[in-house]
Amino acid sequence: MEKSTILSVDGLKTVFQTRHGYVDAINDITFTISQGETVAIVGESGSGKSVTALSIMKLLESSGQIASGQVLFNDMNLAELSDRKIRDIRGKQIAMIFQDPMSCLDPLYTIGDQIMEILKIHEDLTPAEADNRVLELLKLVGIPDGETRRNSYPHELSGGQRQRVMIAIALACRPNLLIADEPTTALDVTVQAQILGLLKQLQADFGTSIILVTHDLGVVAEMADRVIVVYSGTVVEQSGVHELFSKPEHPYTEALIRSIPRADTDRTAPLHIIRGSVPGLHEMPSGCRFHPRCDYATEICTQQEPPLFHLESDRSSRCWMKDGSLAKEFQHRLNTDNLDSRHPAPPNDAYTASKKEILLEVHNMQKHFPILKGILSRKVGAVKAVDGVSFEIFKGETLGLVGESGCGKSTTGRLILRLLDITDGEVKYGGINLAEFKGRQLKEQRKKMQIVFQDPYSSLNPRMTIGDIISEPLEIHRIASGSEKIRRAGELLEMVGLSSKDVYKFPHQFSGGQRQRIGIARALATEPELLVCDEAVSALDVSVQAQILNLLKKLQGELALSYLFISHDLNVVKYIADRICVMYLGKIVETADSETLFTNPTHPYTRALLSSVPVPDPTIKKERIILEGDVPNPAKPPSGCAFHTRCEHAKEICKSKIPEFKQMSLGHKVACHLIN
Amino acid sequence: MNPAPQINPGLPNTSIKQLSTKRIRLRKSLDETKRFIKTQKIGVISLSIIMLFILLAAFAPLIAPYDPIEQDRSAFMLAPTAAHIMGTDDLGRDIFSRIIFGARVSLLVGIATVAISMICGTILGVISGYFGKVIDMAIQRVMDAIMAIPPLILALFIAALLGPAIKNVIIALTIVNIPHFARITRGEMLRIKEMNYVEASRSAGSGALRIIAKHGIPNMMAPIIVIASLTFGQSIIAEASLSFLGIGTPPPNPSWGLMLSGASSYMENAPWMVLFPGLVLSIAVLAFNLLGDALRDFLDPKLN
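From first to last, the protein sequence lines are chains P and C.
My numbering numbers the first residue of the first sequence as 12 and each following residue consecutively.
My numbering numbers the first residue of the second sequence as 91 and each following residue consecutively.
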């Protein structure tokens with residue numbers, strides 16, 4: 012049965028007014044979506060995927076406007092509709108879900124009122140009918156006990172629940188089309204799995220079409236029927252989801268798919284990278300916008316912008332390679348280039364050579380943040396952010412620390428660096444208790460341990476030059492000053508793959524990936540032995556993430572560094588870490604080397620976590636363990652095993668007794684009552 | 091990928107290094123001045139106006155055509171003429187000369203109040219924000235107490251306590267204005283303290299002083315400059331109020347504020363008595379505000 016097209020976007024172009032004049036945010040975006048279909052718009056940051064979504068709804072901020080093209084919805088051209096008329100469509104026929112459920116709900120109204128609001132705008136219902144609809148909607152999106160929950164304020168709900176409320180608001184008027192802009196990006200993987208499942212089920216029930224805007228190819232593989240890949244504001248490839256992953260037709264798509272670390276990626280080989288970064292809006296390259304980063308680019312790519320070539324089975328690709336008459340041009344490129352040989356293999360793991368020499372030993376480390384109340388700041392309780400954690404890091408190895416937000420993994424990193432003071436327990440560095448270091452000794456010790464942050468924007472002082480930023484540690488420790496200092500900063504920049512001429516520039520002149528390199532250069536300035544990488548690649552686009560991961564591996568080989576790699580992204584940790592600790596609510600629940608952890612996960616939480624990660628391959632349909640609910644409040648952790656409230660195997664003993672760490676095999680330890 | 095250069099701590103010759111560092115600094119400040127002139131046209135104009143006022147004030151006896159205090163009974167409230175280009179006031183004194191002499195008091199009060207309250211307020215604010223806890227509590231409660239009293243009454247009280255003198259007017263206005271700076275800088279310090287670059291600096295071993303001086307204050311210049319340019323105009327006006335109440339400039343001596351408040355009752359008959367001091371005051375305040383804006387943009391690396 013041929014399904015009817017409900018939205019067709021044709022040659023959509025949106026421009027933004029900036030200090031430098033008008034720039035194209037998106038150019039010539041064309042696609043259609045049928046009844047009940049999910050179309051994913053995929054791209055990296057700055058590719059124009061969100062602008063496309065906003066343009067369809069005409070929700071652009073005042074500096075942006077649709078320059079040409081049309082958006083046909085039920086025979087109406089939305090691009091030309093007046094504001095008055097489009098308001099009737101927004102929320103009623105096309106609804107939108109945004110990324111951040113924290114800022115999308117008004118903190119002053121109850122969630123019931125906020126769902127009611129949209130019904131009042133669009134539907135002519137009696138108060139009793141509207142009341143019923145609100146309860147119905149809450150039930151539909153899986154918020155139990157709607158009668159009382161409708162009176163909750165947004166701050167009383169968890170992130171996942173808020174996103175459910177957003178979905179309830181979006182679905183209130185049974186729209187034909189739902190635009191979901193990164194709906195799960197701000198959520199933990201176990202909650203993401205819940206929300207994606209909910210969206211799928213609602214789509215099956217109501218036949219809603221979904222435009223899913225995302226950067227996560229795993230989510231795409233999971234959800235989409237068709238995929239539109241955008242790069243620098245243009246569609247570069249359009250294809251069915253299976254064809255896209257099995258045989259990408261555009262070099263960008265191909266490189267993108269190859270650059271994500273997956274569970275089965277070879278750890279010893281470097282990741283495939285896309286060199287450079289996504290161009291800014293006013294530095295658009297000539298010709299094909301991808302050519303400066305493309306491995307196949309030839310003469311014509313630099314000069315002429317390719318049209319969208321239509322291929323078999325309803326696919327299209329914006330690449331000159333698809334032009335039959337130019338096949339010869341590319342033939343030699345395809346033959347002579349063995350892509351793998353371009354990226355040198357990283358040097359052998361220093362870890363294997365000097366294995367078993369302990370660098371850092373953490374024993375029963377605890378950090379309790381007091382909860383204070385009243386004008387006298389009485390202590391009324393404590394958030395046990397880290398609650399008895401023990402592990403060790405060997406020289407030259409990478410220890411991965413994974414867990415969902417709020418599990419205490421970042422606090423653990425900061426405690427080791429003594430950026431926070433320990434409540435109880437001890438951290439031994441090279442056999443000496445870190446708590447004993449004071450004053451000068453502590454300052455000396457700080458040289459040996461450095462940190463790389465998640466956010467490449469807030470981690471560099473915007474008022475300092477790159478040279479000053481990188482050489483600050485040199486100045487603090489009086490290792491170098493004056494021109495010597497700048498020379499060293501230049502050396503460090505070269506080491507992380509930037510130019511030594513960049514020392515006089517300021518942070519805002521660099522892209523996110525480059526800033527992350529600068530952050531790494533600063534961390535390396537004092538020649539540390541241990542680097543704590545706190546979500547060091549989480550804020551980066553996938554193509555850049557691979558560059559940074561390769562850099563970290565290369566540096567580890569060259570400088571014999573040890574890493575504590577903190578991340579929520581299991582596949583990234585799998586790729587970079589030798590051993591992994593899984594944390595839940597301030598405790599480590601499972602430790603194993605990364606192969607073992609992925610092939611033989613034992614703790615129910617680890618198993619659920621691994622099964623929740625979307626795999627960028629639509630042919631794999633994983634058996635998914637959906638965890639109910641959210642991570643409990645760390646101020647009031649559940650008794651006994653902290654995981655028992657969400658564990659499907661929980662028994663009586665789990666509620667009362669804290670499980671001990673049991674050795675499964677060499678280096679594989681699990682804290683669970685169900686293991687014998 | 092680049093080959094890894096060897097890292098080894100260098101120990102360069104100290105005497106050569108110091109010399110070259112000095113020279114680099116000099117070159118740098120010259121370059122910066124050139125950049126300011128090139129990029130901040132309005133800033134240069136404002137700065138020239140302020141310099142002009144300061145020169146006028148400094149060489150007032152040489153420039154002023156008349157004695158600012160001497161009364162000429164034959165020339166009451168004369169409209170501007172060639173002899174008196176800005177006219178004369180109700181006691182027959184030349185307004186132009188009084189403005190030039192008045193600039194001494196007004197500019198001194200304005201600039202000194204801004205400078206001292208900015209420095210003291212910022213120091214208190216960053217200490218409060220950085221260290222928190224009891225120190226923060228103590229400083230902020232004192233600031234609250236100062237802010238709770240209407241500023242003019244407080245200034246009046248302090249000035250009355252210390253006796254009538256320009257110095258005491260400045261002290262009074264400084265105390266009144268410190269809380270504004272302390273409040274803003276405390277908030278900014280709290281924000282900056284949480285930034286990753288501060289944490290990176292701490293993990294590299296730096297202490298409180300370095301973090302405040304290198305990371306804290308440079309990143310809060312924008313709001314400080316805004317408050318400073320507002321304070322400048324306000325304190326010139328406040329000086330007038332205090333003088334009017336007999337605590338600032340003693341009566342025959344001119345100040346812009348005093349001229350304004352004295353002239354208000356003659357507005358209908360002799361508008362020039364209000365117009366010229368008012369105009370000069372507005373120009374000075376505007377020049378300071380624009381200079382502040384220019385300085386803020388100049389210091390922001392993103393706008394270069």
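Treat the hints with care, since some could be wrong.
Said to hold, decoys possible - If you anchor each label on the Cβ, the simulated ranges turn out as follows:
#1 Gly-222/C x His-166/P: 20 to 30 angstroms
#2 Gly-368/C x Asn-88/P: 52 to 62 angstroms
#3 Pro-391/C x Ser-324/P: 32 to 42 angstroms
#4 Gly-368/C x Ser-494/P: 30 to 40 angstroms
#5 Ser-324/P x Thr-129/C: 48 to 58 angstroms
#6 Ser-119/C x Met-295/P: 33 to 43 angstroms
#7 Ser-119/C x Arg-389/P: 48 to 58 angstroms
It should be emphasised that the hints constitute simulated quantities derived from the structure, not laboratory data.
Beta carbons are placed, not taken as given, at the ideal position from N, Cα and C, and that holds for glycine.
Evaluated hints:
A beta carbon spacing of about 25 angstroms between Gly-222/C and His-166/P agrees with the range 20 to 30 angstroms that was offered as a hint. Between Gly-368/C and Asn-88/P the CB atoms are about 58 angstroms apart, so this pair conforms to the stated range of 52 to 62 angstroms. Remark: the range hint 32 to 42 angstroms for Pro-391/C to Ser-324/P is contradicted by a beta-carbon distance near 51 angstroms. The supplied range of 30 to 40 angstroms is broken by Gly-368/C and Ser-494/P, whose beta-carbon atoms lie about 54 angstroms from each other.
Take Ser-324/P and Thr-129/C: their Cβ atoms lie about 57 angstroms apart, and the range 48 to 58 angstroms holds. Between Ser-119/C and Met-295/P the beta carbons are some 38 angstroms apart, a value that agrees with the proposed interval 33 to 43 angstroms. Between Ser-119/C and Arg-389/P, the C-beta spacing of about 53 angstroms keeps the proposed range 48 to 58 angstroms intact.
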